[in-house]
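Visitor: So the chains spell out like this:
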Amino acid sequence: MILLWLILIPFFGGLLCWQAERWGQQAPRWIALGTMLLVLAASLVLWIGGDFSPPGVSESPWLLEWRVPWIPRFGIEIHLAMDGLSLILVALAGLLGALAVLCSWNEIVERVGFFHLNLLFIMSGVVGVFLALDLFLFFLFWEAMLVPMYFLIALWGHSGSPGQTRIRAATRFFIYTQASGLLMLVAILALVFVNYSNTGVMTFSYNALLNANVPDGLAFWLMLGFFIAFAVKLPVVPFHGWLPDAHAQAPTAGSVDLAGILLKTAAYGILRFAIPLFPEQSQAFAPVAMTLGLVGIFYGAILACGQQDIKRLIAYTSISHMGFVLIALYAGSELAMQGAIVIMVAHAFSSAGLFILSGQLYERIKTRDMRLMGGLWGRIPTLPGLTLFFVAASLGMPATANFIGEFMVLFGTFDNAPEVVIIASAGLVLAAIYSLLMMQRVHFGGEYSQGRLAGPDAREYAMMLLLIGLTLAVGLYPQPLLDTTASMVQPVVALFTDSAGLAAQAEEVE
Amino acid sequence: MNGVPMEHGLVLAATLFSLGLAGLMLRRSMLFVLMSLEIMLNAAGLAFIVGSTAWNQPDGQAMFLLVITLAAAEASVGLALMIQLYQRFHSIKLDNVSRMRG
Amino acid sequence: MMTVATVLSCLLPLASTLALAFSGERLGPRASTLIGVGSVGLAALATAWALLAYSGASQSVTLWTWVSVGDFQPTIGLTVDRLSLVMMGIITGVGFLIHLFAAWYMAGEAGITRFYAWMNLFVFSMLILVLADNLLLLFLGWEGVGLCSYGLIGYYYQDEANNWAAFKAFIVTRIGDVFLALGMFLIFVEIGSLDIGQVLDQAPRVWAEGSATANIAALLILGGALGKSAQVPLHTWLPDAMAGPTPVSALIHAATMVTAGVYLIARLNGLFLLAPDVLLLVGVIGAVSLLLAGFAALAQTDIKRVLAYSTMSQIGYMFVALGVGAFDAAIFHLTTHAFFKALLFLSAGSVIISCHHEQEMGKLGGLWRQLPVAYAGFLVGGAALVALPLVSAGFFSKDEILWQTMAADRAGLLIAGLLGAVLTGLYTVRLILGIFHGEPGSHHARHPEPGKNLFTHHLPLIVLAVLSTFLGAWLYPGLGELFPAAPGEAADTGHTLLQVLATGAVIAGLALAGWLFLMRRQWLHSVVEKGAGARCWTLLNRAWGFDALFKWGLVRPWQWLVHGLRCDFINRGMNLLALIARVGNAGLVRTQNGRVRTYACVMVLGVTVILISLVLTRGGGT
Amino acid sequence: MLTLTDLVGLLPLVIVAATAILVMLGITWQRHHSGTAALTVGGLALALMSLPLAWAVSASPPLMMLDGIALMGTVLTLASALAIAAMSPHYLTGYTGPQEEFYLLLLCAVTGALGLVASNHMAMLFISLELLSMPLYGMVAYRFRTERSLEAGIKYLVLSAAATAFLLFGMALLYARTGQLEFGALSAALTPALTGGPDPWMLGGAVLIVVGLGFKLSIMPFHLWTPDVYQGGIAPATLVLATISKLAVFLVLLRLMMVVPAFESEWLRNLISLLAFISMVGGNLLALFQLNLKRLLGYSSIAHLGYLLIAVVVEGPLSVETSGVYLFTYVVATLGAFGVIMHVSSPHHGEDAADLHHYRGLFWRSPWLAAVMTLSLLSLAGIPLTAGFIGKFYIIALGVADSRWWLVGGVVAGSAVGLFYYLRVMVTLYLPEPGSQPRESIEGRHKRVGELTLMVIAVLILLLGIYPVPMIDWMAALARAA
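Residue numbers (the working numbering), protein chains in the order written: chain A, 1 to 510; chain B, 1 to 102; chain C, 1 to 622; chain D, 1 to 482.
In isolation and in its complexed conformation, chain A is listed as follows:
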């Protein structure tokens, strides 16, 4: 039941925020903050109280589970379950949600109530995605979070560079995700019907469909259906077109949510659904996926270097970082997959930090164009230093979480695919280039204009310290995180590698 509440709390909180606007501008903010902290606190309580050791044979792999029938006609259930991975991600969503509320405290001054309604609805959808175990339900949440995100970008976005309106960016985001989502729906349905014709039971249940015996040729297409949906959201080049626009136009809170959590739903989807449902096909597909990951690393990095809009730059770096995640997910080793999870968390922190910082910068100098910046180190106290920290995190400086993630991925992948690692490692240099380039253009060099600007206030400083602390904590002692997710990752890896073994055997027999 608590799982349901995790979803419903932001939902009702959102409705409350909407109505709370009549009590003044501050009311929705406090309510939204309280709601997000409640979600965070609930997940932390669960984390502290949870037992994440690998389950025994007969034990349920889930920490918590809640299921009631929903649409019996198709065997659809409201089936929520939580294991270590979902817990981590829900907690992350709560944290970043709270940050999103905090960072828009002064930024959003119009239609505050409706803004927070959308913000909290996004959270509701995201938490739903992380908890849903019924494929129909998963898809439902997957799509449902698009609408509030759309509004967030379309209504509160920045009017960016000419020709690129925020509405266009929002629409592009929506169409990309929805269209690819429909492909996933098609794949889900095909899977369900195949299972139905095999067993005579119509069900969307994850556990049941894990054992669906799908004909080989079809299974590949179905896997592809899932993969494309997740690839769009991750995003994987060439499906990344929505991301830079969406980031550039979104308000800070939108960017934080987008980069911090929404992108992670894709990686989560691959980890939870695409690979376990189709292990053999995923195994066969791994080289392609890894290649796409490599392309993403380089393409994102190269384009990041060419950007003038600071948020676009950060957006492209996300593409680059997610390339590592993609490689890791298909590397078929526990180390790499755990590394992917660490990257997900780390990227959430570092990109959120960078986006919040660029938001703060925007509040001060009213531009995101890096050509109009420069020399800010001398003009703003503290802020540049904080930026440097997150830039360092983004380029994978050891002691930050990003380093641990990336290196776990590379270590884990090297055994199976050394060539991929060799190429991906060059991405580390590129990461340094684009990260420092940003530092260079924004904070160093001659001052573009004169005058001292205000340093971060207590709220801004506290947000940054929190993120820095978390980045370092995960970077230096990621073990609690890894222990939490281990029991989820190990079976997936086993599935993946087993199918590799089977395939090899089959080849030998032939």
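Worth flagging that the hints you see were computed from the coordinates, not collected in a lab. Mixed in with the good hints there might be a few duds.
[Unchecked claim] With a straight-line cut-off of 25 Å between C-alpha atoms, the simulated DMTMM-like cross-links for lysine to aspartate or glutamate are:
hint	chain 1	residue 1	chain 2	residue 2
1	D	K447	D	D67
2	A	K366	A	D457
3	D	K447	D	E351
4	C	K363	C	D302
5	B	K93	D	E101
6	B	K93	D	E147
7	A	K366	C	E160
8	C	K363	C	E190
9	A	K366	A	E110
Everything numeric in this text was worked out from a predicted model, so none of it was measured.
Starting from the structure of chain A, add chains B, C and D where the hints point.
Guide: Quick look at chains B, C and D alone, frame taken from chain A:
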């Protein structure tokens, strides 16, 4: 009707129908368009008659009556609208009513 | 006890970094300086304590397990042995002196807090680097020092050139780091551990000597060492790195960080011994670097750049030592070099501040009377640099290197080393003459303001000067048992001959320098001013044109790539779908022309097409 | 012969027809707008309430078949008519011409629709279809003094008559080949004919019938009238066209496909698949940059009927269920969208307020109205948690279950394109800059009833999206009864 095979009757009906269609497509005056529609409906009626004769059944003829009724109703509404058209444009050219597009 | 002291000496700089970084601007310059210098001083004391407590056996302390997934179990653990103690001594000891000097040098600069935060973070990272018991933690220190180097080179951020120098330093070393990382991956996959002790233990069992994998692993690690230690071809960042404050150059770009590569190879000696070809390559690269840098140093006009090339050249010597398997000799030279190069840099710093940030040789000159302390520093340091026989620290360490090279039968390397000694003499004499003799080249040089502070200015110079004499060489404890036997330990014939040879080379260099720069000054000027001489000068001044090579080979193509892709052509490709939709819309909307006749025609056309296709596909039926 | 049982079975039809007559008599006696509207609503509600009784007797009147499909059609028709009748008074308040006749025409059209969904005979089909269409001519051209309404009326009349002619000719061909007009008998007569191989005449007849019905459904390429008529007609008339006319004609097409073997040939299925594909893609493409909301919804209806045709292509009980669910969700969403348009255009004053700029910033003027519109648009776009998603889910499920990958691909592509314009409209509602001033609406009972209806529709959209089980169960039961 022994002498005339059903196919011939149908071909005749089809020919008539096509004539009506041609009128519909080519004529600009609403009056002629309405007449063409009448021809098409009657062609269909003729086909019913042919069928009913071939099968020695009254059903087709009953259908023909219905068709005639429809044609009359159609014509009455059509003519009423045509009058409005004329009042408005002082012409019964159908091309007058092509304001909505795109 | 020793481990406590070790951990303490690591934590002190870290704590001060955090205090400085998070204090923002609230701490005044005095407090910042006090914290910054004091913490390193305490760290030096802690190191001294560790040295005293050292019992002769190496000790490890594991603070916590960093990551534990399957076999992948790197720890946050420190190992203290003789080698790391020596390094610690250099880092905290020389580091403290440099910090002390910085208190004088940096006085009055804006952003003192930032300076000390970076410096202390550097000390911390460097300590981690030398103390780490596994490669991943070593990598943490390795990258950490790189970041600090970046922050400090770009310390004067208002001038964009400085930032680009920092950028270049970071990126170039990062390229080397990637090789090191790859080496780690390979080692982990092959050996199954990252623990340095275990790696050295297991490597001979897993790899046969000279096997391809061992060669590749060693080669990759060498890549990392090249980047950090500014050896050919990843050396181009070092001269530019002189953009940072002079104490930074002294600490990071002379005494400690740039020698990290030497430390790394020495630390992983077992691995390199399994790959003799790579080991030879180390020596060759060292030889090439030392000659290349020696020549380049001849043609520099900026005193710090001269010192930078000289650093590169000296590290080249260390690499030569490594290349012949004389790890002890390499570390010996590393130690003495840390002393005398720090001395040289600090003396240069003294000159620079005294002359109001003037560091062009042409604009200095004739300062020996006004700046006696700095002059003395330069003389002692220069003597050590050229390895003046018997009295200087440099003589003993360099002699050791040359002797081992000879004992290892590497004639080529030996010749390079001797030639290098001649070059060293040449550029050192040129440097000292250029700064302290002749006519002052500018107003600032005519009226310098010498540093007077006994504690922060004189003391570091004097201590370092003492250490640069043979006393410094005596201080070096020797690491013999830690490393496999060097080639020279077996044989003893010809050592005297070599010493004579080396002394000859040094004297030849000095004599040549004296002749050239004192007697044939005018002729030299006329030679380099036009024709082949000028071209030669330019070539040397630009250090053989490696920068241009990188610029046209890497940087420009990269910029073209970035520029070419800026439009995000893949996204454009996806936009094609939108274009198709747009075109489809335009075409279809055209049919909605509002005319009834058109509508009827389209409808009839549709019916006709359907019926025709019916007849075509199903035609012939009754 | 018609027995009493049959009459009871036809009770809804009878009640609606009787109400129509009553309304007519009432008008001749004394014009009274509210009274007429109340009478209409009452009659429709009564018809709806008589349904359980009518269904219980399981009658089989001649020319008709009262099966699940018929019941489905009857309920949907009556419910939509009820909603339309409830929302119309507010709209018609400002109409200067005769207001009451609208209800008469509406009731006649409903009568036709009720007959159509139950028809089991070509004659019945024909009469009912015309009974449905003839009042629509009048309704579309109701505001005949304005140019657009007249234009819409003429276009619809001419083209619809041509389509009827096609339909009739198709029937005649079938009749000539078989001598039968009743669906069941047609089937019996055609079965032996089919065994002898395909018969182009017969297929031709079937094709012409499909064309005739396809016109009413505005299937591409017989769709060209749709946007013009949608735009020109008064909003309630358009709504009848979009809901009642479409659903009744669709259900009769579905029955034909299920019962008559000539329609079961693979060739025809392929043809309909093709038409469905081009409709769903073409309709969405056409709507892309449309700035008139009514026109836009016209284009979107082309696409939606294209999706629906998948249910016609695929055989089996699931297809009937799918049709029911999709029609239900589509009708509800359409009612919502047009309901808002009617509300914004109320009271009637010349052209309807259907241009997009009329809706700019609607959310900040009347949030509930904008919320209903948003829900309707989301539902039409098939976004989860709205009714439309359940419909789309069914359609895709049907396509997947039958491995019609091309059609499924069409649905996906069409939806992606469709999103563009739905979102465009949706976000307009929320833009801060105020658009054209809304009309001064007249407070009163009519308005309240209209608002209440809209609320019910909105709640229904959400409810069906969140908990569709009752609807699904009901449709599944009806499909079994079909």
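Visitor: Which numbered hints turn out to be false for this structure?
Guide: 1, 5, 8
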